[in-house]
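Going down the list, the protein sequences come from chains A and B. Quick note on the numbering used here: the first sequence kicks off at 14 and runs consecutively. Quick note on the numbering used here: the second sequence kicks off at 112 and runs consecutively.
Keep in mind that the hints were calculated from the coordinates and are not lab data. One should not assume that every hint holds.
What the hints assert, rightly or not - Computed list of lysine to aspartate or glutamate pairs in DMTMM-like fashion (alpha-carbon distance at most 20 Å, straight line):
1. B:Lys149 / A:Asp29
2. B:Lys175 / A:Glu36
3. A:Lys20 / B:Glu125
4. B:Lys288 / A:Glu36
5. A:Lys33 / B:Asp167
6. B:Lys288 / A:Glu19
7. A:Lys20 / B:Asp167
8. A:Lys20 / B:Asp234
9. B:Lys250 / A:Glu17
10. A:Lys398 / B:Glu276
11. A:Lys20 / B:Asp166
12. A:Lys33 / B:Asp163
13. B:Lys149 / A:Glu36
14. B:Lys190 / B:Glu291
15. A:Lys33 / B:Asp235
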Amino acid sequence: MDLENEKIGPAFSAPDSYFKDTESRLLQRLGIQKELLENQAAETVETPVTIAAAVTPLDTLGVQKRARKQDPITAKSQGINKEVEAVGSVVIPPLTFTTNENPEWVNFGAISEEVSGNGDQIKVVSYGDLLSNTESNDAGAPSLNQENIAENITSEIAEETVLEAVNLDQPVTTVETPATELTQIETPASELEILAEIPAELSTVEPSVIVHEVPESVGLDELESYISASVQPTSTSLEPLVSSEVEEPVVVDPAKQVESPSPRIAEEKPISLEAPATAFAPIAGRQHESATPGWLGVAAALAAIVAAYFIWTAIQPPKVDTEQVALQQEEATVPEAPLDEQTPIDTIPDGLQLVEPLIMEEMPKYKEPNVYTITDAEEMPAITKRALQDLEDNGLATFDMEDELFEELDFESL
Amino acid sequence: MSNAQRLSNCTEDELTAELLRDGMSSALLVELVSRYQKLVYYHCRNLLVSHDDADDAVQNAFIKIWQNAQQFKGESQLKTWVYRIATNESINLIRKRKPSIDFDEAQPEMAEMISEDLYLSGDDIALKLQKALCFLPFKQKLVFTLRYFEGLSYADIALLTSTSEGALKASYHHAVKKLEIYLNVLR
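Start from the sequences and build out the full structure, keeping to the hints where you can.
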């Protein structure tokens with residue numbers, strides 16, 4: 014191989030990402046910010062352009078006076094730089110604060126007492142209060158909230174149809190009933206009357222939906238006739254329910270009725286009085302009656318255990334016979350070919366002692382250049398040095414000046 | 112045009128003149144790093160073989176350049192000066208790793224590290240040449256690396272190593288012949 018004529022590339026090739034990383038690490042160690050340098054340079058270039066763009070100077074006498082008043086330091090100064098003034102007036106928009114927090118999460122408890130001391134003037138208005146305020150006239154003058162609500166209601170009524178207006182009025186009247194219930198709890202006799210009145214009012218307001226229970230055997234053609242025939246019995250069957258419901262509180266001891274936690278419970282009771290018979294009842298009865306043999310469950314459990322055992326054994330890795338493996342390894346290490354054929358010829362053997370004898374055998378084959386070692390080069394006269402240089406330039410000889418190749422390098426020498 | 116852009120368009124002579132006139136600035140160092148970082152890394156890598164050592168040498172070299180810029184006299188090219196500092200840092204690192212090292216002898220143990228290290232080109236002949244370089248004395252290895260891989264002239268190498276061109280030619284000649292024998296024997 015002729016290295017002089019046959020160029021071999023470098024053995025190392027680092028990616029660009031490594032060099033970028035190295036550069037950033039190095040600049041970080043030295044405290045240099047590359048981006049900042051570029052930005053600073055850009056700013057210094059742009060500054061004269063901005064000043065040159067200004068045409069008409071502004072009258073800033075008032076600004077100077079204000080500055081002197083506000084700041085004692087600027088009061089003694091010469092005023093604002095004219096070049097800066099020439100840029101023009103700067104309008105600072107009002108600051109706005111935005112937050113991502115949900116307003117529902119605002120912690121009112123965190124408000125200090127000094128602020129919350131005015132809490133007497135703050136009225137926490139709930140939906141129920143609004144409704145009661147529209148009804149009651151106990152407060153002398155109506156509050157602002159009441160007025161707004163009244164305006165809203167009237168405007169809505171004007172926009173909507175008459176029928177909807179009637180519906181709007183209804184909630185106001187129907188909501189009265191809980192208030193009266195609260196007052197009437199202590200007197201159970203009157204409560205019974207009110208409870209009987211509530212369904213009558215509700216029936217006039219809310220549209221009633223009647224659900225007919227039709228067996229599957231009834232076809233679509235027969236549906237109307239079946240419903241018309243079945244309406245009369247259902248309406249009559251409801252009447253006893255209501256009457257029994259009304260009659261039932263009369264039997265109850267008034268003292269117990271007063272002890273009830275809330276009037277709503279007494280109101281809900283009639284709904285759950287008689288649950289309709291469901292189709293599941295007979296099936297549940299049959300389940301109790303069905304006699305599944307006990308041995309069937311035991312057999313199923315045993316079958317499941319056996320299946321799990323087979324699955325587990327199938328999952329397990331095959332058992333390793335260590336002796337057999339060792340025997341196979343020994344067989345594998347036995348060379349099948351002579352050593353001479355197995356020795357790689359294109360790898361560099363480790364250690365200089367393996368290569369050195371080969372080199373020593375080959376070294377006499379190439380011609381040693383005419384290298385002459387000169388130890389006293391510094392003391393040599395200039396004419397002699399020039400003569401040696403001529404010999405070197407003409408390729409006649411090479412002189413090794415023995416000038417301490419790796420003396421401690423210092424930067425002064427360059 | 113920013114200062115960094117202006118420096119990136121400068122020739123090496125213009126950078127040298129700027130360094131001598133205004134001294135080392137941050138922008139100039141950034142330009143030197145971006146311009147000579149790869150050269151310095153591959154030079155140190157050829158000398159030290161190990162990637163980590165070469166990385167340390169590169170970092171130390173540019174820090175020395177930043178700290179000792181005022182000592183640059185302009186008697187050589189800027190590139191030669193950078194190479195010299197990188198070479199000096201590589202030698203310091205070798206001495207630190209192995210204080211009793213003799214630069215007139217080879218370090219064959221370095222050849223064992225090549226195949227397992229990072230960022231190899233994958234060229235077999237290049238790897239063999241790199242391993243063969245480890246069997247050369249360090250002086251010959253340095254001269255061969257600067258001349259063969261970096262393409263520096265004998266004059267620049269003479270400035271860099273403070274030696275005569277004749278000695279360099281002889282050293283390079285010895286190195287080439289030894290490497291050819293290595294490669295012929297090991298092929």
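Which numbered hints fail: 3, 4, 7, 11, 14, 15
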